[in-house]
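**Q** Protein chains in written order, with the working numbering: chain P, 1 to 130; chain D, 1 to 130.
There's no promise every hint is true.
Calculated lysine-lysine pairs in the BS3-like style (CA-CA distance at most 30 Å, straight line) [unchecked claim]:
#1 Lys64/P to Lys93/D
#2 Lys119/D to Lys93/D
#3 Lys49/D to Lys64/P
#4 Lys7/P to Lys64/P
#5 Lys119/D to Lys7/P
#6 Lys104/P to Lys119/D
If the Cβ cut is set under 8 Å, some of the chain P residues that face chain D in the computed set are [what the hints assert, rightly or not]:
#7 Cys30
#8 Glu58
#9 Leu63
#10 Glu82
#11 Lys85
#12 His91
#13 Ile95
#14 Leu99
#15 Val109
#16 Ser111
#17 Arg112
#18 Asp118
#19 Lys119
#20 Leu121
Pulled a few chain P residues facing chain D out of the computed Cβ check, cut under 8 Å [what the hints assert, rightly or not]:
#21 Gln51
#22 Phe55
#23 Leu81
#24 Ser84
Hints listed in this document are in silico derivations from the structure and should not be mistaken for laboratory results.
Note that CB positions come from ideal geometry on N, CA and C, so glycine has one too.
Protein chains: 2
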Amino acid sequence: MTVYSIKQVANLAGVTVRTLQYYDKTGLLCPAARTSNHHRVYHRDDLLKLQHILFYKELDISLKDINVVVNHATFNRLQALEQSKYAMKHHVKRIKSLLQTIDKSIEEVKSRGELMTDKELFVGFTPPEI
Amino acid sequence: MTVYSIKQVANLAGVTVRTLQYYDKTGLLCPAARTSNHHRVYHRDDLLKLQHILFYKELDISLKDINVVVNHATFNRLQALEQSKYAMKHHVKRIKSLLQTIDKSIEEVKSRGELMTDKELFVGFTPPEI
């Protein structure tokens, strides 16, 4: 079985060693084992859990809530991935809508007029009207 | 000139009245005027500033930093819009990369194998290699 040091995990995932130490301290992500020198030893399952933590962080979910989800007995990897996918697709849609609003606003500034209605200024931030 | 009550601005922008009160208190967005009854009166320029605040918030910029930018004497609307556009496009790219990582992870779970390398688990979180 491949094992990873805290530094290796940090490099793989693009986080700092300090972050991983914090995740261990708070019980969010505890390494599978320790060496006789008390160094943390991570397994692939820990990498998978870290991946979920980072997906949820990307979705602005608090570390406290992430802890509850990823460390729950009923945690299901496939279900969690499908949910993250759905939420991220929704997020992309929202940002694309905001990008359209930005483009319209740029046009407005360049025209030196008032091309946009008050509502149009905030399209993307407000839920679309049905 | 069109004027807006705090409730009207809140409805337009999809934020709460309490948020706007907080923005006023902290100097982030102070209404253009007050009625004789001390009710806040917003003008279109306030809406434009609120739009920028919300774009920056979407980009995870702290309210403190937003305050410094949008209330600086050299603030330039066109420049700010172009910067927000650039940052949001970058953000969409990142999320799309994460979506690919999610899709691969879903495949992996369904295959019950280990299809992904350790690095592939975190593509999108780490900067792309050159």
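**Q** Would you settle whether the hint for Lys119/P is holds or violated, based on the nearest Cβ-Cβ distance to chain D being less than 8 Å?
**A** holds, 6 Å
**Q** Are the Cα positions of Lys119/D and Lys93/D separated by 30 Å at most?
**A** The given pair, whose Cα atoms are some 19 Å apart, holds under the 30 Å limit.
**Q** Does Leu121/P meet its interface restraint, that is, does its C-beta lie within less than 8 Å of any C-beta in chain D?
**A** holds, 5 Å
**Q** Return the status of the interface hint for Leu63/P: holds when the least beta-carbon distance to chain D is below 8 Å, violated otherwise.
**A** violated, 15 Å
**Q** Can you verify the interface hint for Leu81/P: is its Cβ closer than 8 Å to any Cβ in chain D?
**A** Because about 5 Å separates Leu81/P from the closest Cβ in chain D, which is inside the 8 Å limit, the hint holds.
**Q** Is the shortest C-beta separation between Phe55/P and chain D less than 8 Å?
**A** holds, 7 Å
**Q** Grab the minimum C-beta distance from Cys30/P to chain D and call the hint holds if it beats 8 Å, violated otherwise.
**A** Status violated, d = 19 Å.
**Q** Report holds or violated for the interface hint on Arg112/P, using the least CB-CB distance to chain D and a cut-off of 8 Å.
**A** Where the cut-off is 8 Å and the nearest Cβ of chain D is about 11 Å from Arg112/P, the hint is violated.
**Q** Hold the hint about Ser111/P up to the distance rule: shortest CB distance to chain D must be less than 8 Å.
**A** Since chain D brings no Cβ nearer than about 11 Å to Ser111/P, farther than 8 Å, the hint is violated.
**Q** Lys64/P and Lys93/D were given as a pair; does the straight-line alpha-carbon distance stay at or below 30 Å?
**A** holds, 28 Å
**Q** Under 8 Å, Cβ to Cβ, is where Glu82/P needs to be relative to chain D, so tell me if that hint holds or is violated.
**A** holds, 7 Å
**Q** Taken at face value, is the distance from the CA of Lys119/D to the CA of Lys104/P at most 30 Å?
**A** Answer violated: Lys104/P to Lys119/D is near 39 Å, above 30 Å.
The structure does not agree with the numbered hints 3, 6, 7, 9, 16 and 17 stated previously, though it agrees with the rest.
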